[in-house]
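Asker: In order, the protein sequence lines correspond to chains A and B.
Anchor point for the first sequence: position 90 equals 104 in this note's numbering, and the numbering is continuous, going up by one each time.
Anchor point for the second sequence: position 50 equals 64 in this note's numbering, and the numbering is continuous, going up by one each time.
Hint data in this document are derived by calculation from the structure and do not stem from the laboratory.
Heads up, some of the hints might be wrong.
To be verified - Going by beta-carbon spacing under 8 Å, a handful of chain B positions derived as facing chain A: (1) Gly-84; (2) Asp-113; (3) Pro-140; (4) Asn-169.
Where is the CB? At the ideal position from N, CA and C, for every residue including glycine.
One letter stands for each residue in the lines below.
There are 2 protein chains.
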Amino acid sequence: MNTWMERLNRRTGALGSLCVGIDPHVGLLQAWGLPVSLDGLRRFADRTVTALADQVACFKPQVAFFERWGSQGMAVLEETLANLRQAGALVIADAKRGDIGSTMQAYADAWLGEGPLACDALTVSPYLGIGALQPAIDLAAAKQRGLFVLARTSNPEGTAIQLAWTSDGRSVAQTMVDAAGQINHDLGTPVMGLVVGGTRADVGVDLTDFQGTVLIPGIGAQGGTMSGLRSSFAGTKAKLLPSVSREVLAAGPAAASLRASVARLLAS
Amino acid sequence: MNTWMERLNRRTGALGSLCVGIDPHVGLLQAWGLPVSLDGLRRFADRTVTALADQVACFKPQVAFFERWGSQGMAVLEETLANLRQAGALVIADAKRGDIGSTMQAYADAWLGEGPLACDALTVSPYLGIGALQPAIDLAAAKQRGLFVLARTSNPEGTAIQLAWTSDGRSVAQTMVDAAGQINHDLGTPVMGLVVGGTRADVGVDLTDFQGTVLIPGIGAQGGTMSGLRSSFAGTKAKLLPSVSREVLAAGPAAASLRASVARLLAS
Numbered sequence: 015m016n017t018w019m020e021r022l023n024r025r026t027g028a029l030g031s032l033c034v035g036i037d038p039h040v041g042l043l044q045a046w047g048l049p050v051s052l053d054g055l056r057r058f059a060d061r062t063v064t065a066l067a068d069q070v071a072c073f074k075p076q077v078a079f080f081e082r083w084g085s086q087g088m089a090v091l092e093e094t095l096a097n098l099r100q101a102g103a104l105v106i107a108d109a110k111r112g113d114i115g116s117t118m119q120a121y122a123d124a125w126l127g128e129g130p131l132a133c134d135a136l137t138v139s140p141y142l143g144i145g146a147l148q149p150a151i152d153l154a155a156a157k158q159r160g161l162f163v164l165a166r167t168s169n170p171e172g173t174a175i176q177l178a179w180t181s182d183g184r185s186v187a188q189t190m191v192d193a194a195g196q197i198n199h200d201l202g203t204p205v206m207g208l209v210v211g212g213t214r215a216d217v218g219v220d221l222t223d224f225q226g227t228v229l230i231p232g233i234g235a236q237g238g239t240m241s242g243l244r245s246s247f248a249g250t251k252a253k254l255l256p257s258v259s260r261e262v263l264a265a266g267p268a269a270a271s272l273r274a275s276v277a278r279l280l281a282s
Numbered sequence: 015m016n017t018w019m020e021r022l023n024r025r026t027g028a029l030g031s032l033c034v035g036i037d038p039h040v041g042l043l044q045a046w047g048l049p050v051s052l053d054g055l056r057r058f059a060d061r062t063v064t065a066l067a068d069q070v071a072c073f074k075p076q077v078a079f080f081e082r083w084g085s086q087g088m089a090v091l092e093e094t095l096a097n098l099r100q101a102g103a104l105v106i107a108d109a110k111r112g113d114i115g116s117t118m119q120a121y122a123d124a125w126l127g128e129g130p131l132a133c134d135a136l137t138v139s140p141y142l143g144i145g146a147l148q149p150a151i152d153l154a155a156a157k158q159r160g161l162f163v164l165a166r167t168s169n170p171e172g173t174a175i176q177l178a179w180t181s182d183g184r185s186v187a188q189t190m191v192d193a194a195g196q197i198n199h200d201l202g203t204p205v206m207g208l209v210v211g212g213t214r215a216d217v218g219v220d221l222t223d224f225q226g227t228v229l230i231p232g233i234g235a236q237g238g239t240m241s242g243l244r245s246s247f248a249g250t251k252a253k254l255l256p257s258v259s260r261e262v263l264a265a266g267p268a269a270a271s272l273r274a275s276v277a278r279l280l281a282s
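Build the full structure now, drawing on both the sequences and the hints.
Answerer: Right, here's the structure in full:
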């Protein structure tokens, strides 16, 4: 099996560096003419996968929209993951999990292990410290999978904490960037990626030396283009993986419209 | 229906202020002589609820240990929640969810709404800002439920971020305390609780003026006693809700041993 980075590079090399969110929230189910129900959830996910699996490098199902329906919604997520795997697409579970010790281990086992929720990569949240994520880092490294830790997000409510100053004079967000880079250096393979918002003019963290993948939500509907993004993030060694949800999904439910929306974005 | 705080006060008034974690991790399943399987998970949860539901005010299932088994594990959690409700116990889902916008709304709907995962309260994680939790705050207030936001935890990896300094000279953890207190003041009812670790001599945040509930993991096995806790947290107006997992659960699987362990802790 290849490393997460090798799989990602191969697939983005063929299809372009884009991640598409699978975000079946109530408003989108209604906009697609689907019932607001488990059946609607399943049909939304199926249509998205069928329309885009061979066109898009990577998918990012937003776990909350499945969890919203309880265990039966999670069963729909498992089916969706199986369909994506079958189609050869890569999957980042957007779950933003974060805990300590045996609890963090259990989240890692759920999303990066061998069970029905296992994905290529997982988003994680570091309020308990990036060091608390160690069980997930270890398992991701062992299983050739990836993690994306929240560093600097584009929502305004996140600024106070993410730009707070740690005792050594760096921002909290920068400590995440630096720690993730160090982990990748020590492992010798870029298991740790970052989540960095892409809609501010100022990225807010120094990514010059970061070697790994930066997942960048917020292109498309939230204002950014692919070329704008490359200029905002100019000068970094990192691999950029822009992620789009609203702009592509709002073009549905017709498969041709979804595909045209992806094509437009890839060329933007 | 009474508010979350009224339900909590009534139940802790009758049984004592204690929350017991339901943490069926692999090591505990083995220690209880149970198979490491869905069946073992179900039997662990059933035994804990049957032994303790009439003795303990509040339970805190650790969601990761159910999610670890995928959708079928989440179905076991749903059964466990139904059993706890049936027995009249209060339940805090320890899920540490945190996101923004429609995604946060979906997590709120899952855990504080009307579905099979609905609980009395939910733990939430604020790396995206406490303001990003607004959909959960609104739903908790509307449904007479509660939230517990991570403020200051006892694991060493959390210190750098939680004691980072925000632009107005407070620590990140203190901004969580102050914001939660302000939200409760504005709502006129203490929907927002805090998670504050209980095993350091120095609590690390000023809780003097906080009016709400403080969930304090870490008594028992991690070193604290009930009376030690009351002295560490002396001088606050907050309601203290100590939470124990390891010390009680390690006494199982015999119901009498579990109950004796709870009785010992309540008297400590």
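Asker: Are Asn-169 of chain B and chain A close enough, Cβ to Cβ, to be under 8 Å, as the hint says?
Answerer: Where the cut-off is 8 Å and the nearest Cβ of chain A is about 5 Å from Asn-169 of chain B, the hint holds.
Asker: Holds or violated: is the Cβ of Gly-84 of chain B closer than 8 Å to a Cβ in chain A?
Answerer: 4 Å, holds
Asker: Against chain A, run the beta carbon of Asp-113 of chain B and see if the smallest gap drops under 8 Å.
Answerer: 6 Å, holds
Asker: Using 8 Å as the Cβ threshold, decide whether Pro-140 of chain B counts as touching chain A.
Answerer: 6 Å, holds
Of the numbered hints listed earlier, not one is contradicted by the structure.
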